[in-house]
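Start from chain Z and add chain C according to the hints.
In the order they appear, the protein sequences are chains Z and C. Quick note: the first sequence uses my numbering, first residue 13, plus one each step. Quick note: the second sequence uses my numbering, first residue 150, plus one each step.
Take these hints with a grain of salt, some might be off.
[What the hints assert, rightly or not] BS3-like, lysine-lysine: derived pairs with alpha carbons at most 25 Å apart:
#1 Z:K63 to C:K179
#2 C:K249 to Z:K181
#3 C:K181 to Z:K135
#4 Z:K135 to C:K249
#5 Z:K135 to C:K173
#6 Z:K75 to Z:K181
#7 Z:K135 to C:K206
#8 Z:K103 to C:K164
#9 C:K249 to Z:K75
#10 Z:K135 to C:K164
#11 Z:K135 to Z:K225
#12 C:K249 to Z:K99
#13 Z:K99 to C:K164
#14 Z:K225 to Z:K198
#15 Z:K63 to Z:K198
#16 C:K179 to Z:K198
#17 Z:K225 to Z:K181
#18 C:K164 to Z:K181
#19 Z:K99 to Z:K201
#20 C:K174 to C:K249
#21 Z:K103 to Z:K209
#22 Z:K58 to Z:K99
#23 C:K179 to Z:K103
#24 Z:K58 to C:K249
#25 Z:K181 to Z:K209
[Said to hold, decoys possible] FRET-style restraints, in silico, Cβ to Cβ:
#26 Z:T161 to C:L192: 24 to 34 Å
#27 Z:E251 to C:T177: 46 to 56 Å
#28 C:N291 to Z:W23: 55 to 65 Å
#29 C:S246 to Z:W23: 23 to 33 Å
#30 C:A204 to Z:M139: 45 to 55 Å
#31 Z:Y92 to C:N291: 41 to 51 Å
#32 C:R402 to Z:D21: 55 to 65 Å
#33 Z:S256 to C:P254: 36 to 46 Å
#34 C:L271 to Z:M139: 46 to 56 Å
#35 Z:T161 to C:R406: 34 to 44 Å
#36 C:I411 to Z:K75: 23 to 33 Å
Treat the hints as calculated values from the structure; they're not laboratory data. Glycine residues also receive a C-beta, built at the ideal position from the N, C-alpha and C atoms.
Each chain, written out:
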Amino acid sequence: MSYIIEVEDLWKRFPMRRDRPGFKEFFVNLPKFINRESNSYFWALKGISFKVERGECVGIIGKNGAGKSTLLSLILGNVYPTRGRVKVSEKIIPLLELGAGFHPDMTGRENILINGVLLSLTKNEVMERMENIIAFSEIGEFIDLPVRTYSTGMYLRIAFSVAIHMDPKLLLIDEILAVGDEAFQKKSKEALLRLIKGGVTTILVSHNLPAIKEICDRAIWLDEGRIREEGEPERVVEEYLRYSR
Amino acid sequence: MEIGFNVNSREFRRKRDLLWLLTKKEITLKYKRTFLGILWSLLNPILFAIVLFIAFKIFMRIQMENYIFFLLAALFPWNWFSASIIMSTGTLIGNVSLIKKVIFPRHFLIIATVLAQLVNLLFAMPIIVAFSYYYGEGPGINWLLIVPILIAIQFTVTIGICLMVSVINAYFRDMEYIIGVIITMLFWMTPVVYPLDIVPEAYRIYLILNPLTYLITAWRDIFMLNSTNWSNIIVSFGISLAFFLSGIFFFQRLGRRLDEVI
Chain Z
13 MSYIIEVEDL WKRFPMRRDR PGFKEFFVNL PKFINRESNS YFWALKGISF
63 KVERGECVGI IGKNGAGKST LLSLILGNVY PTRGRVKVSE KIIPLLELGA
113 GFHPDMTGRE NILINGVLLS LTKNEVMERM ENIIAFSEIG EFIDLPVRTY
163 STGMYLRIAF SVAIHMDPKL LLIDEILAVG DEAFQKKSKE ALLRLIKGGV
213 TTILVSHNLP AIKEICDRAI WLDEGRIREE GEPERVVEEY LRYSR
Chain C
150 MEIGFNVNSR EFRRKRDLLW LLTKKEITLK YKRTFLGILW SLLNPILFAI
200 VLFIAFKIFM RIQMENYIFF LLAALFPWNW FSASIIMSTG TLIGNVSLIK
250 KVIFPRHFLI IATVLAQLVN LLFAMPIIVA FSYYYGEGPG INWLLIVPIL
300 IAIQFTVTIG ICLMVSVINA YFRDMEYIIG VIITMLFWMT PVVYPLDIVP
350 EAYRIYLILN PLTYLITAWR DIFMLNSTNW SNIIVSFGIS LAFFLSGIFF
400 FQRLGRRLDE VI
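Okay, chain Z solo, but in the shape it has when bound (with noise of 0.2 Å):
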């Protein structure tokens, strides 16, 4: 079996300052600063392991500062472990924050092009699907127009609209299955729904519980920064509301 996700005793610790230090604290505590032990640490995630198969759908759930999020961004790479490891064989798509990128001045068009680029596209390739991009998110004329002038729900659909365009085969969700309004939440979980059943790997971060029972293949319950349970989603999802309540 191919694993397209690999974790291995991941454990990531962040500082805890309560100010960044400027130049002037920096030199008066040089010592300190070179003996890193000597700082205290928040760990967010300590000693995770995992494996996820081309295919599946494995839903993370867990209280607050659980380490969901930090987990998600390891997998994605622009965090680094502090110990253990993560390896990846696939591009991955990110949903992590809906607009990541966005600038205000810049029409809808141009953004969905420079987010597309981003993601993962060529330029010609994001104009090849510029019009289904902009039909599904339901803008309208407002496409010309810079993006601050839009209200919130039409900058989620735009954003939401061009992450499912981009032909993901893994895809990492941070909490946005509720995109616009009624009618449109149910398109958009209608359109994951067919990325993740045809075949797209996904890690789908979610207080949405019905939702990860109703997806997932498997469910991970972090607690704290360690896995307190993993399998089926309707287990875990149980035994994490009867831990809950």
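Leaving out everything else, chain C in the frame of chain Z:
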């Protein structure tokens, strides 16, 4: 920080598109909601040159012909350098959501900033050519070779410094304030408003330690005299390369823990 050399690969084309789009974004956004738009990139150095002209030529009576051309020939390249550094100081901390939520080569943000400022210099070329015709015999064929070389050297040194400054600023926001002072100091310690030989012999050594002295002198040589001092160019290339490599080193080292500090 790997650079793909397979020109036909899709990933290479994507990276090229990305760099181009980021640069274009940088250029268009800068003047998006202004009335005069990109004209500001020319007006800024010209107005500054006029002020310097009044202060040094009229009030302090510096003895030099074509002083306004002398100023502009150095100010336009200088402006590319200083504006790039000042802009790139805030580049990383100004793109938090991109850096934290999307995976892409982060140094592209810095390269785009520097490239966007280069456009201003290119826009200024007609002005410099006009001055060259007015005060001298006009641009020679050697400009076609020397100007790109000088651009490449200045690009190299600027990128190096910008990489360092931007990543250090993510850790110590003091950088933003320090850099303003350093740029001002560097401006007066570089022969921009005065020629190098006006400086007393004893102090000239300090200016020669300044990497920009060679570069600005080389720009002025080509623009005003159509001449090239190759040893100047070679020295400034060496210095540029040193800055470039240390920039990459800093950026890679400090960039790894970027997520924890921005």
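Comparing the hints with the structure gives:
Simply put, K63 of chain Z and K179 of chain C have alpha-carbon atoms about 46 Å apart, too far for the 25 Å limit, and the pair is violated. For the proposed pair K249 of chain C and K181 of chain Z, the alpha carbon gap of about 21 Å is at most 25 Å, so the pair holds. Simply put, K181 of chain C and K135 of chain Z have alpha-carbon atoms about 22 Å apart, close enough for the 25 Å limit, and the pair holds. At most 25 Å may separate the alpha-carbon atoms for a hinted pair to count; K135 of chain Z and K249 of chain C meet this at roughly 23 Å.
About 13 Å separates the Cα atoms of K135 of chain Z and K173 of chain C, which keeps this hinted pair within 25 Å; it holds. Pair hint K75 of chain Z plus K181 of chain Z does not hold up; C-alpha atoms about 28 Å apart against a cutoff of 25 Å. Our distance criterion of 25 Å between C-alpha atoms is broken by K135 of chain Z and K206 of chain C, whose separation comes to about 51 Å. Of the pairs offered as hints, the one joining K103 of chain Z and K164 of chain C holds, with about 15 Å between alpha carbons and a cut-off of 25 Å not exceeded.
At roughly 21 Å between alpha-carbon atoms, K249 of chain C and K75 of chain Z fall within 25 Å of each other, so this suggested pair holds. This hinted pair checks out: K135 of chain Z and K164 of chain C have alpha carbons roughly 10 Å apart, not beyond 25 Å. In summary, the hint linking K135 of chain Z to K225 of chain Z is not supported, as the alpha carbons are separated by about 38 Å, beyond the 25 Å threshold. For the hint pairing K249 of chain C with K99 of chain Z, the CA-to-CA distance comes to about 19 Å; that is within 25 Å, so the pair holds.
This hinted pair checks out: K99 of chain Z and K164 of chain C have alpha carbons roughly 23 Å apart, not beyond 25 Å. With a C-alpha separation of about 17 Å, the suggested pair K225 of chain Z and K198 of chain Z falls inside the 25 Å cut-off, and the hint holds. Simply put, K63 of chain Z and K198 of chain Z have alpha-carbon atoms about 30 Å apart, too far for the 25 Å limit, and the pair is violated. The hinted pair formed by K179 of chain C and K198 of chain Z fails the criterion: a straight-line CA distance of about 39 Å is larger than 25 Å.
Between K225 of chain Z and K181 of chain Z, the direct Cα distance comes to roughly 22 Å. Compliance with the 25 Å bound is thereby established for this hinted pair. Proposed proximity of K164 of chain C and K181 of chain Z is supported: the alpha carbons are some 19 Å apart, at most 25 Å. Note on K99 of chain Z and K201 of chain Z: the hinted pairing is violated, with a Cα-Cα distance of about 29 Å set against a maximum of 25 Å. Distance restraint check for K174 of chain C and K249 of chain C: the Cα-Cα separation of roughly 20 Å lies within the 25 Å cut-off, and the hinted pair is therefore satisfied.
The straight-line distance between the Cα atoms of K103 of chain Z and K209 of chain Z is roughly 18 Å, inside the 25 Å bound, and the hint therefore holds. For the suggested pair K58 of chain Z and K99 of chain Z, the alpha carbons sit about 17 Å apart, so the restraint of at most 25 Å is met. Of the pairs offered as hints, the one joining K179 of chain C and K103 of chain Z is violated, with about 33 Å between alpha carbons and a cut-off of 25 Å exceeded. A C-alpha spacing of about 21 Å is found between K58 of chain Z and K249 of chain C, which places the hinted pair at or below 25 Å, so the restraint holds.
Using a Cα cut-off of 25 Å, the hinted pair K181 of chain Z and K209 of chain Z holds, with the two alpha carbons roughly 12 Å apart. Range check, T161 of chain Z to L192 of chain C: about 29 Å between beta-carbon atoms, so the 24 to 34 Å window is met. Evaluation of the 46 to 56 Å hint for E251 of chain Z and T177 of chain C yields a pass: the beta carbon distance comes to about 53 Å. Between N291 of chain C and W23 of chain Z the C-beta distance comes to about 60 Å, which sits within the given range of 55 to 65 Å.
Separation of S246 of chain C from W23 of chain Z is about 26 Å and conforms to the stated range, judged on CB atoms against 23 to 33 Å. Against the hinted window of 45 to 55 Å, the Cβ-Cβ separation of A204 of chain C and M139 of chain Z comes to about 51 Å, which satisfies the hint. The hint said 41 to 51 Å for the Cβ distance between Y92 of chain Z and N291 of chain C, and at roughly 49 Å that hint holds. Taking 55 to 65 Å as the suggested C-beta distance range, the pair R402 of chain C and D21 of chain Z does not conform, at roughly 25 Å.
Between S256 of chain Z and P254 of chain C the Cβ separation comes to about 41 Å, which falls inside the hinted range of 36 to 46 Å. Distance hint check: the CB atoms of L271 of chain C and M139 of chain Z are about 27 Å apart, inconsistent with the given range 46 to 56 Å. For T161 of chain Z and R406 of chain C, the Cβ-Cβ distance of about 37 Å falls inside the hinted range of 34 to 44 Å, so the restraint holds. Distance hint check for I411 of chain C and K75 of chain Z: the Cβ-Cβ separation is about 25 Å, which falls inside the suggested range of 23 to 33 Å.
Of the hints listed earlier, those the structure fails to meet are numbers 1, 6, 7, 11, 15, 16, 19, 23, 32 and 34, in rising order.
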